[in-house]
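S.K.: If you want the building blocks of each chain, they are given just below.
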Amino acid sequence: MTNAIKSKFFGLVIPLIAIGFGFLAGAVIMLVSGNNPIDGYVALFQGVFGDAYYFGETLQRMTPLIFSGLAVAFAFRTGLLNIGVEGQLIVGWFTSVFVGITVEAPMAIHLPLSLLAGALAGALWGFVPGLLKARFQVHEVIVTIMMNYIAMHVVNHFIRNFMLESGQRTAFIHNSSSLSSDYLAALTNFSRLHWGFLIAIGACVLMWFLLWKTKKGFELRSVGYNQHASSYAGMNVNLNIILSMSVSGAFAGIGGAMLGLGTYNYANILPSFTNYGFDGIAVALLGASSSVGIFLSAFLFGGLKEGANNMQGQAGVAPELVEIIIALIIFFVASSYLIRWIYSRLQSSKKEGK
Amino acid sequence: MDQFLLILYTIVPAALIAATPLLLTALGGLFSERSGIVNIGLEGLMVMGAFAGIVGTLYFESVGLGAASPWLGIIVAIVLGAIFSLFHAVASITLKADQIVSGVALNFLAVGLTVFIVREVFERGQTDTISARIFRTNVPILSDIPIIGPMFFSRIFATTYIAFILAVIVWYVVFKTPFGLRLRSVGEHPMAADTMGIKVNRMRYIGVMLSGAFGGMGGAVYAITTAGNFAGGTIVGQGFMALAALIFGKWHPLGAMGAAIFFGFAQALSISAQQIPGLANVPQVYMLILPYVLTILALAGFVGKAEGPKALSQPYEKGSR
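Chains as they are written, first to last, in my numbering: chain A, -9 to 344; chain B, 19 to 339.
With the rest of the complex left out, here is chain B:
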């Protein structure tokens, strides 16, 4: 029993940490998709965020801001992510491009642009490693609670708590505020929303830019807490996994949170399965493909039907029926 608890004390924090960037990015995807714009480009937004986060941190370090650098780096990533998402917004909203194709192009562009800049600036394929890190901390008082304390409140990054608090805030904003109602109405029935005087395209721009801000933050948090530097291979698939979490969580912030935690667990398990009796003999590949297989099963309705916003992927043309 004690050994079992000890395993949980390592796995649970690892799972929560792995879930953090997925959750942040999935929340971003939620804003975009709730407004009716598919965002396959989450991966690219994370790449951009990881790049901006690391380069920003390196810059603030060099001007002597010390421990504040990574936090400022995250803010830079949020801003740059929002700006970069404009590519997707302009193409898919104003120019009515196919939203999936535009998202794919966004992913290409992010990798090309960031690695190009890194090569031109650092003269090799990766950036320097940041030295100002965000450190794992214990929450005072809460971490002293037996069993729960060591699991949820010890040795976790502050960014993880921020992500989970943000999930609740996003839930409140999307489901309890007039803004959220407008956002959702634009994604469900843009013509009805337009009739009621909601500016459809403006809401969609806001949705996509919020996805850029959150995706950028997700990428930056991953790069700063986990990777430590940026290269073309820093973000490989986390954006798509965030998209999977969004769908698996049925386009609901708290659902996405649950899915992100679950995927985080799968990741943490695949890394530390060797140390766990009973799991040591299970090939790692099962853990690696688990999130993807589950998403397919969820979509097929075996885990409960996942239904997206009705107007998803349809460009809105004023006056059309």
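Pulled out of the complex, with its shape left as it was, chain A reads as follows:
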């Protein structure tokens, strides 16, 4: 097998094996904890496909996951690990809601403006670690983790002191900046599915186009492969690092806007992280950082999280089982070395047999 085919082959097989292992482990845990795995998985499956409402909620739930997955993948393509998607998503959520509440304009202006505000806030939150990496060689992972906490505390501070409406949340945004759709809701038995889902599909296409069809995209990927060679070829590595983190943050920021303008139509004080950002790492990893892969894995994880509720209701399995399955899938994808090793052992034993 040539190397190109081999890598294509592994790109497809490893995620599938990892998913299989994850579900298998989930079944074992259900057995050990005295639940029936078949009942559990049937309930999980029904919780995704069993009803138009569930399906609409699944699509709604995967929308921000697509964005956080794209954000992680975009940075990853350029050799950066953006653990800060969570924080970028939180500031994007807040900023888009802020514009949605304070600005009054016709929808054609207001909605794009709110989305843009979310994107810019996320981009700024990605710009800082990008700048520090480029200027001071500070590892982006630690900075982005710290930026997550700063985002959460600062946003909570702003909501608590300036925008608190009732209890723990801000006022609702104006209708002119809302992504909510009566049409989509009616179609899916009044789920919270909103137009953002289509924007997410558009974003998948956009990332593919940016990375694979533009000169800048080539540069970004080239820097991701080999910084030194890219630098020798006359590319500005530092600028690309900053740009990549900012674009990644912008994706995450729009992901937050999906929650603010689509799902909830408000922002609330967060007692802890939303986990959409961290799940984005899983989504990007399982989707092999490709647009199609991210879409599919966002659907898988969105479905798992949505179906978990039904699994608890019908089969009595605690919904955290899904978190365990997701964590194990990440372990298996990250440890693809094991799968490759087994594969190469099988290959060599075949050769010896001949």
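Think of the hints as simulated: they come from the structure by calculation, not from any bench. On a predicted model such as this, the values are computed, not experimentally measured, just so you know. Built from N, CA and C at the ideal position, the CB exists for glycine as well. Mixed in with the good hints, there may be bad ones.
[What the hints assert, rightly or not] Computed, partial: chain A to chain B, Cβ under 10 Å:
# : residue
1 : 28
2 : 135
3 : 139
4 : 147
5 : 162
6 : 328
Position chain B against the provided structure of chain A, taking the given hints into account.
M.R.: Same frame as chain A, now just chain B:
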């Protein structure tokens, strides 16, 4: 002046108590990172420790061990933390997974696994509250020293003293013993260490498992002394703050101790700032984000360059150059 001292008498013990779990966990992270394995999973190890500590204490209580229960609970947490860290060790050392991704997965797994078990066993999202607690104590004689006594030796948990003594022990082990030298050499230049006959992967396994033991202890101490029960939200960010303390302290046990005390102060201040004249008007948010902002500044070199072990995050393959 008297009022100022009274404020110090409340804040200093509170800061030391808040610093304790951070310090313990940071010491754990130190073993792992000194051996060359990044450990973003400290948070997950603390979650596991908090869970094991509380469940262990509840169990020992129920079999009638009384005041010894929380201490036995901490031991359970140490053991379980070390075992749980094997996930990270196997993935990142043997299977050469990306250490950061593996650490992130460890955090996910810890929360999922513990809350799942809690829900299955207690049929709700949190455990019962433990009744056998570790109580704050005064140190005999030392607490009678004027000014210093009430600050450092009164109304503090025994676990806090243990943590600070451990910091000194860890310093001695890492910098003054052959084991420490081997551990550090594996983190700086694994190939050279291998040439000298040090088993690189074995040292790294030990490093990661020690991080699990210390992280588990840190989580258990937090849960037993501060929280009193365990739920999904018991440990929120303390593990990452411990990581910050480790970096801020430049991967040195005593540096981490200083950073942990400092972060403890920030926490204690953010809680009791309302009572302190001059600080009452400062928004709480500044105190909350202070540790994180400082860590970023430290990393950027404004507070002095923080440089980690050279081979950090690089898997070691025998024979590679």
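S.K.: Output the numbers, in ascending order, of every earlier hint that fails for this structure.
M.R.: 1, 5
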